[in-house]
Each structure stands twice: as C-alpha cells, then as structure tokens.
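Model the placement of chain U on the given structure of chain V, informed by the hints.
Residue numbers (the numbering used here), protein chains in the order written: chain V, 2 to 437; chain U, 2 to 437.
Heads up, some of the hints might be wrong.
One copy or two, it doesn't matter: identical chains are merged, so the pair holds either way.
No farther apart than 30 Å at their CA atoms in a straight line, the calculated lysine-lysine pairs in the DSBU-like style are these [claimed, not checked]:
{"no.": "1", "residue 1": "100", "residue 2": "339"}
{"no.": "2", "residue 1": "392", "residue 2": "100"}
{"no.": "3", "residue 1": "238", "residue 2": "100"}
{"no.": "4", "residue 1": "134", "residue 2": "249"}
{"no.": "5", "residue 1": "252", "residue 2": "153"}
{"no.": "6", "residue 1": "315", "residue 2": "261"}
{"no.": "7", "residue 1": "380", "residue 2": "177"}
{"no.": "8", "residue 1": "238", "residue 2": "375"}
{"no.": "9", "residue 1": "238", "residue 2": "61"}
{"no.": "10", "residue 1": "77", "residue 2": "261"}
{"no.": "11", "residue 1": "392", "residue 2": "61"}
Simulated from the structure, these hints should not be mistaken for laboratory data.
Number of protein chains: 2
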Amino acid sequence: MERVLIKDLKNEVGKNVLIKGWISVRRDQGKMVFFDIRDRSGSVQGVVLPGATEAIAVAKEIRPEFVVEMEGVVNKRPEKNMSTEIQNGDIELEIKSIKIISKAEVPFELNSELNLDTHLDNLPYTIRSQRGKDIFTMQATILEEYRSSLRKQDFTEFQAPTLAGADAEGGATAFKVDYYYNKVAYLATSPQLYKEIMVGVFERPFTIAKIFRAEKHSTARHLSEVTQMDFEMGFIKDHTDVMNVLEKVIKDVVQAVTTKHKDIFARFKVSTPLVPEIFPILKLYEAQDILGAPHENDMEPEQERSICEWAKEKHNSDFVFITHFPTVKRAFYTYEEKSEAPLSRGFDLLFRGLEINSGSQRIHNYEEMVRRIKERGMKPENFSFYLQAFKVGMPPHGGSSTGLERFTARMLEISNIKEATLFPRDINRIDTLLSE
Amino acid sequence: MERVLIKDLKNEVGKNVLIKGWISVRRDQGKMVFFDIRDRSGSVQGVVLPGATEAIAVAKEIRPEFVVEMEGVVNKRPEKNMSTEIQNGDIELEIKSIKIISKAEVPFELNSELNLDTHLDNLPYTIRSQRGKDIFTMQATILEEYRSSLRKQDFTEFQAPTLAGADAEGGATAFKVDYYYNKVAYLATSPQLYKEIMVGVFERPFTIAKIFRAEKHSTARHLSEVTQMDFEMGFIKDHTDVMNVLEKVIKDVVQAVTTKHKDIFARFKVSTPLVPEIFPILKLYEAQDILGAPHENDMEPEQERSICEWAKEKHNSDFVFITHFPTVKRAFYTYEEKSEAPLSRGFDLLFRGLEINSGSQRIHNYEEMVRRIKERGMKPENFSFYLQAFKVGMPPHGGSSTGLERFTARMLEISNIKEATLFPRDINRIDTLLSE
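So here's chain V without its partners, still in its complex pose (with noise of 0.2 Å):
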C-alpha cells in the first residue's frame, strides 16, 4: 500500500491507508491504546480499539519517538470528540495493524521545559519538538525570501570563501586554520571583501555565507559561527539606495512569513512584525536626543531596545533605521564623505529590539581605500587580493549584511540566540560541552 501523509488524510474519510511517523504520545487506557502519530507533514490521533489483538499486543509495547508504519480507517469523529483547535481534530485513525521499524529510548518528554544547557546537550532529540520545528521552518522561510526578493531585485547569488589568507578586518578576532605545511589560514568574519570584489562582476552580488568570530564571550548573543546574508551593488547615490534595497528584502520576507507561518507566531504567541509604508530613519544623534542620551559614538543595547520601543509607539514599526554613525566606530571600508565628516555613510538596522543588519556606503576610490587601510594601522600589502578590484575601476557601491540567526531569534521573540541557531558554537561547546 501507498504511504499517504497525515496532512492528506482528511481526504481519506472511511478508506484504508497506511501511514509512517513517530509516536509522539501513547495513552494507554487498558482495552485500547490511543496514540499522537507525527510525520513532516503534522499529527493525528489514531487508537486500538479492544477486537484488534494483534495491533494492541504491539501497541503495548510502543513508546515515545518509536518509528512505525500503521495501517487503518480514517473515521470522523463523534461530534462531542472534535476539536477544531488542532490540525486533524475532526478526525481519527482506526489502527488496525502496526509495524515496528524502530525502537526509541528518550531521555525526557519531548515537549517538557528545558534549561539551555540540557536542551542543547540533548539536541538531536530536543530539536524535534514542535517548538523545534517551529522555529527553523521559520528560518528556512526567512532564508528563501531573502534570496528570492534579492534575486528580483536583480542580484545574482555567489559562494564567498570560509577559509581566509589573513585576518582581513584586522580585529584579532579570527579563528586560526592549521593549513597545508605549517601555514596558518583563517576563517572568514566576514564576506565583505569578497562581495565587493563581485560587484565588479554582476553589479549586484549577493551572498548567504558562514562567519566566523573568536570573541571570548559567554553571552545570549555571542556565537562562533553564524550565517549571514550579504548583498553589494554598484552604481548607488549614496547609503540610502542599499536602505531602499534592504527594506524591500524586510518587507518581502515579513510578507511571507505572516501569510505562511500564522500557526507559528499563534503558538508562540507572538504578533506578526508590524511593519509601516515608510521605515522611521533616525541619526544617531537624533536617536540618543530622544532617549534623551548623550551623544554616545554607538547605541548600547539598553538603547537599542528603548529606541525601537520609541518606534512601534510612533510609526506603528517594528524596525527603525539608526544611521550618520561616526566613521571611527564603523569598518575601515566605510564612505565618509567630505562634508558630513567626522560622520560616516552606515546605518543599522534594528528589529525588536536588536540591531539584525549593518550597512553602508563603501570606499569606491584605489588611494583612499589605501589611505584609509594605513590610517587604521594595517597593512594594505595584506589586503593586495582586494584591493586589485580597486586599482581596475570600482563604481560607488554598498551593500548590507543581515544575521539569519538574530532576524529569526527577533522574529519570534526568543530571547537567547542559541534556541534561534541551529547547532550552535560557543566558547564552551561544539555539539557538547568542550570541558568534557
């Protein structure tokens, strides 16, 4: 028989089917033996009724995470059994047959409440809840609406390099590769140069890329490894071009989301981002005046949190764009024009809370990338790949980086970035703890 998807079988009224998953629940009344089965397409409810003896000898035996294939009736309900709150709910699977595949052994109820560290000790298990689920099928609809609204937006898509010939934002931040002969080779913080190497080749390049930063944090921000989503283009009048880009791609992405994922936002109980017509755009200054702040040469977290408040009261947003930060706390490739000096071309994006995207006009012209390399006390002999890009003609150009992990930790209000990064690496673990 034809495997058929729990989804579909809402279709299958009063048929024989076949299904395959995993018991989530076992609710053992004696007689019959109720169970919650689960496949990638959702949950049903299926029971043995008391005449089944050889399905119930096997029920007796199942428990939690075992796999199984069970063949059935689908029936409708008795009216007074019907939910409407939960997919299936008008539905039942008479099971007339099971099949064993395989035996599972849990360490806990799947769906309990965990402290992170057990959560992520126990991962391959833990990610399978729903709240799991929930929250990387969101992640993955982020990903795939990023790219898609670049792509109409005319960028093409490329494969920035994880292994680096040096540290190239010179922050002592990068991880050390032990390479072929005893060179060392770093990770990647970052695609930047990359991306604006490509802008030479499709104007408008994008990337979705892993980076990489040896910080000795133990925070609920702090990761080794994140993934982010990188876009340059050429031929710009100045930042806001790549905002107009930016918030198209936001936008696209929220559009999605709220059409795709309202079972997601209800179960945790989270408001679909409130986006206005206009994203609110405040200078730095003007940021820190409201919250009546000294002027500061960055927003702290604290402030961070407060402005965005400041913009959902106001402009009915969940995002605000902070830019004219002073062009010493932005990266050495960051446009500073003449006349706006010592204030630079960036801007910040900030969602609910959190910065989720850094952007800016770039440095275009070969001498005053040099000089601006040597300023920062580097060494532009180190930076001889880049800056060839430089020397054969480089348009006005600037570009954005998002963090997937941080856009999808936001998007659904979890507070530690870790519950938003799929398998995540910090300063105490790889998979497990590194102290073990």
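Leaving out everything else, chain U in the frame of chain V:
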C-alpha cells in the same frame, strides 16, 4: 536623469538617456572614439562624434575598465553596420557627454587567454570577463534550481555547522582549528551527520554547505574548500527512492539552464545536457564488464569517462548512475542488506565523465550503527552527539551530496575544477600564492 540599464536601450531609440557602467573596449579613430560599455544587464556600442568637443576630450583620457556615466541619444544603426549576432547589434549610443567616476589601470586585456595561475593571480580582474561572468551566472542558476526542486519535493533547508568537535568521518583529512583555550576544533568534511539528525525534525532536510578537505594533492580535481548540495530523506524503501528524487532535481536544473542560458552554452560551444526519460543505471560490476575491465571495488577516473561515453552512445544520456559498490569502499554509515552483502545500497551519479554526486541508503538502527563504527576502528564516544538521533528512533533513510563546482565545471565542460570555483583554495593558494 534616471539611469537606463543597457539591456533596455532598445526601447529608447531616438531618446536621450543616461547609462552607467564599465568601459570594455575603446577604439580611438582620431576624430571619433568608439566604446563598448557594459553594465550588469549587458553591453552596447557607443560613439563620440567629432562635433562633441568636450566629450571627445574626455574620451581620449578613458581606458578599459574606467567606470563612467554617459549621456547620449540612442540611434538605430545604419543597415550595413547592423549585427544580429550580438546584444544591441542594431543600435548605437551617440555619446553627448561623459563623466569619469573611477579610473582604472589593467594588467592585460580582459578577455585574454591566460594560463590558470595568471588567471588566479589576477582574479578580482579576470572574473570580470564574459567567461567568468558566464561560469558563475550558470553556477547561481544551478544552485537556485537545485534548492527550488527540492522544496517542490517537500524538503526544508537548514544550516549545517562548519566547526566540528571531531573529525567525524575519521579520514584524517580534516583541517584543525585553534579554538578557545587551546582546544582543537575541526572544519566539517561533510554535513552528513547533521542532515541525518535533521531527518528527525523535517523528515526531508537539505542544506548547502561548505566542506573542507586537507588532502595534499595538487590536481585539477582537488580543492581545500568546496560547496556541497546535500539532501536526506526518511521513510525510504531503499536507495532507489533517493535516486528518484535526485534524478528529478537534476532534470529540473537542466531544464532551467537550458531555458535561461542558451547564450552561455553557445559562447562555450557546449551543447545542453542530454537527459533521457530515465537515467541509465548500471551496477558497478556491470559497468566494468561493459568496459572489459576486471571487477574492482571502485572506478578509475578513466573508466568514469569511458562509461559516460557508453551512456551517451547507448542511451543518449549525459548522466549515468553506478550502484552496488562494495560496502568496504563506502562511508561507515552506508546501509548493507544482509542478502546483498558485501555490496551496499550506495550509488554515484556520473555526468559527462565525472562523478558529481554520491549517495546511499544509510544505517538507521542504533546497535547496527555502533557496530559499524567499531568495525571501522573508530570510537562510538566520538559520535555520541550523532548517535543520540538513533537512540530516539530513526526511520530508514538515505540521501545524496552533489558538488556544486564539479556540476558547474561539467555543465560547461571546463577541464579544471578551479575555474568553476569562484575563489579556489588549494595546497598552494588562498587568493594569493602561499609561497609568496
């Protein structure tokens, strides 16, 4: 004035327009100067006529790869100068004014024929060539369609980690990373273990992942860092279910590139891939019989080429599956049915002479998996995280892995994989030569 993309100039005949782009070619004829100008959308010929005194002066300064803005009038070309062979072959831009945005100094002509090392030494410049742009446009389409086809087949994307706690496959080819506090981490040699874990969550997960191999080979096939397109699926009958999904993916990709990239195939003088209704499938020993070769446990590169010629001749196919490899030659997690021993349920997919994909049914039983790990002389403790997934119930599953760069290279019949890798890393080079 708003910028017009070069591909849209044909709709602007008789009108005054502004274009922005790079100078590909300058032909100074004394009183007149001709240019080929390109942007992300294409290329057009422009001419500065003798009357345009100011523009002529600027035109004389301009060299290849200068970034410019040009205003002018779009004219129909006289009949005798029309070309139907090239984009915009029936129009010409009569340039009225030119603004130089960035100057450039190039080491040699852009579309020169180069040896591989010169090409790679100057990569930020040389990938701007039509050939470079073509290869990576093709690669972007392959990647997009691969994902799109899997999504249509009910797969969900996830992010596999790059940093690993151990050299999981035990092949001693993993790069070591200096992690925190003198701990050693490794670069992933495969996303395999994670996609198996994800079968428990999505049943049908897929991932696009960088993998790393520290193989001390300097050949046209070896790279330190490549991109793998990986999927895995639960509740399979055997490996043929996996082959069917893969075959559909490959057909979707070929369909897409055949439709979108006729021009690229034409420029490469390569035909679009031959795809029969059903891909030919040969058992390893059958393939060796056809070649009149002795029964060995694997195929030599030369045999892969020969059997592909056979498939093309006999089945009008550029693809051929090879199955039933001996278990000893396959990864430790490969499934072997007792009645089929010592052969396993694995397969390779060859495309135009090269293996581009490898897959199999995997072991799903916990005890069996532990036994196999020990058999291979590895320690189950090193796989404790992975093995958790098997303890909590795994269905029969399998999957496969396609090399993006290999697939791209064979698509355009590029002999060296490095040319189909955007920023290739090998034993001698990370951007610049390591010996420098």
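Hint check results:
Taking the shortest Cα distances, residue 100 and residue 339 sit within 30 Å of each other only across copies (20 Å), while inside one copy they are farther apart (74 Å). With identical chains, the CA atoms of residue 392 and residue 100 are at most 30 Å apart between copies only, with a shortest distance of 18 Å across copies and 68 Å within one. For a Cα distance limit of 30 Å, the shortest separation of residue 238 from residue 100 across copies, 15 Å, qualifies, whereas the shortest one inside one copy, 65 Å, does not. Within a single copy, residue 134 and residue 249 get their C-alpha atoms as close as 27 Å, and across copies as close as 26 Å, so both meet the 30 Å cut-off.
In this assembly of identical chains, the alpha carbons of residue 252 and residue 153 lie at most 30 Å apart whether taken from the same copy (13 Å) or from different copies (24 Å). In this assembly of identical chains, the alpha carbons of residue 315 and residue 261 lie at most 30 Å apart only when taken from the same copy (28 Å versus 47 Å across copies). Both within a single protomer and between protomers do residue 380 and residue 177 lie at most 30 Å apart by alpha-carbon distance, with minima of 19 Å and 27 Å respectively. For a Cα distance limit of 30 Å, the shortest separation of residue 238 from residue 375 inside one copy, 26 Å, qualifies, whereas the shortest one across copies, 62 Å, does not.
Only between protomers do residue 238 and residue 61 lie at most 30 Å apart by alpha-carbon distance; the minimum there is 26 Å, versus 70 Å within a single protomer. Proximity of residue 77 to residue 261 under the C-alpha cut-off of 30 Å is restricted to the intra-copy arrangement: shortest distance 27 Å within a copy versus 49 Å between copies. When the C-alpha separation of residue 392 and residue 61 is checked against a cutoff of 30 Å, the pair qualifies only between copies, where the shortest distance is 20 Å, while the shortest distance within a copy is 74 Å.
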